Structures are given as structure tokens and as C-alpha cells.
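*Asks:* Sequence:
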Amino acid sequence: MAAEKTVSVSFRVSPEFKALLEAAALRGHRSQTNMLEYCKRNGIQTGSAVSTEQRRSPN
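Here my numbering is used: the first residue of the sequence shown is 1140, the next is one more, and so on.
I should point out that these hints are in silico values taken from the structure, not numbers from a laboratory.
None of these values were measured; they are calculated from a predicted model.
Each residue gets a CB set at the ideal place from its N, CA and C atoms; glycine is no exception.
Accuracy of the hints is not assured; some may be wrong.
Unchecked claim - Okay, derived cross-link-like pairs now, BS3-like style, lysine-lysine, Cα gap no bigger than 30 Å in a straight line:
1) Lys-1179 - Lys-1157
2) Lys-1144 - Lys-1179
3) Lys-1144 - Lys-1157
Unchecked claim - Computed Cβ-Cβ distance ranges for the label pairs, DEER-style:
4) Thr-1172 - Ala-1141: 14 to 24 Å
5) Ala-1141 - Arg-1166: 28 to 38 Å
6) Ala-1141 - Gly-1186: 32 to 42 Å
7) Arg-1151 - Ile-1183: 33 to 43 Å
8) Asn-1181 - Lys-1157: 30 to 40 Å
9) Leu-1165 - Gly-1186: 13 to 23 Å
10) Ala-1162 - Ala-1141: 19 to 29 Å
11) Ser-1149 - Cys-1178: 12 to 22 Å
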């Protein structure tokens, strides 16, 4: 089976998001693109998204 082709995507993020992504990618020895894919695949959310969900939780 042939490898799936990838496409280029461009979008804007806040400077804080960019800095956090860059730091996480460096720490994980990954590219920034690979870090985004890893986070999506593993259901990893940002701190603010986690805080919002925890507030909604009845626990």
C-alpha cells in the first residue's frame, strides 16, 4: 500500500500557543507538526481546556 500523501496547511495562533507548542516539541524531540498530530491522536488538551472541562464535571 502506498504511503498517504500529506498537504500543507497554514493558520494563525497566539504567540503564547506558538511558544508552548515550540517548547513541547523541543522537550519531546518532535517537530511542531508532529507534536500537534501526537496531541490530537492522544487526546491531549491545553491547560485552559482541561480547566474548563473540570469545572463542568460533577466530581
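*Asks:* Determine whether the Cβ-Cβ distance between Ala-1162 and Ala-1141 falls within the hinted range of 19 to 29 Å.
*Replies:* violated (35 Å)
*Asks:* For the pair Ala-1141 and Gly-1186, does the Cβ-Cβ distance stay inside 32 to 42 Å?
*Replies:* Holds: the Cβ-Cβ distance is about 39 Å, inside 32 to 42 Å.
*Asks:* Given a hinted range of 30 to 40 Å, is it respected by the beta-carbon distance of Asn-1181 and Lys-1157?
*Replies:* violated (21 Å)
*Asks:* Between Lys-1179 and Lys-1157, does the CA-CA distance stay at or below 30 Å?
*Replies:* Judged against 30 Å, a Cα distance of about 16 Å means the pair holds.
*Asks:* Between the beta carbons of Ser-1149 and Cys-1178, is the distance compatible with 12 to 22 Å?
*Replies:* With Cβ atoms ~19 Å apart, the hint holds.
*Asks:* Quick one: are Leu-1165 and Gly-1186 within 13 to 23 Å, going by C-beta?
*Replies:* holds (18 Å)
*Asks:* Between Ala-1141 and Arg-1166, does the C-beta distance stay in 28 to 38 Å?
*Replies:* Holds - the Cβ-Cβ distance for Ala-1141 and Arg-1166, about 33 Å, lies within 28 to 38 Å.
*Asks:* Can you confirm whether the C-alpha distance between Lys-1144 and Lys-1157 stays at or below 30 Å?
*Replies:* holds (25 Å)
*Asks:* Quick check on a hinted range of 33 to 43 Å for Arg-1151 and Ile-1183, using CB atoms only.
*Replies:* violated (21 Å)
*Asks:* Can you let me know if the beta-carbon spacing of Thr-1172 and Ala-1141 is within 14 to 24 Å?
*Replies:* Between Thr-1172 and Ala-1141, where Cβ atoms are some 21 Å apart, the hint holds.
*Asks:* Holds or violated: are the alpha carbons of Lys-1144 and Lys-1179 at most 30 Å from each other?
*Replies:* Given pair Lys-1144, Lys-1179 holds - Cα atoms ~19 Å apart, limit 30 Å.
When the structure is compared with the earlier hints, violations turn up for hints 7, 8, 10 and for no others.
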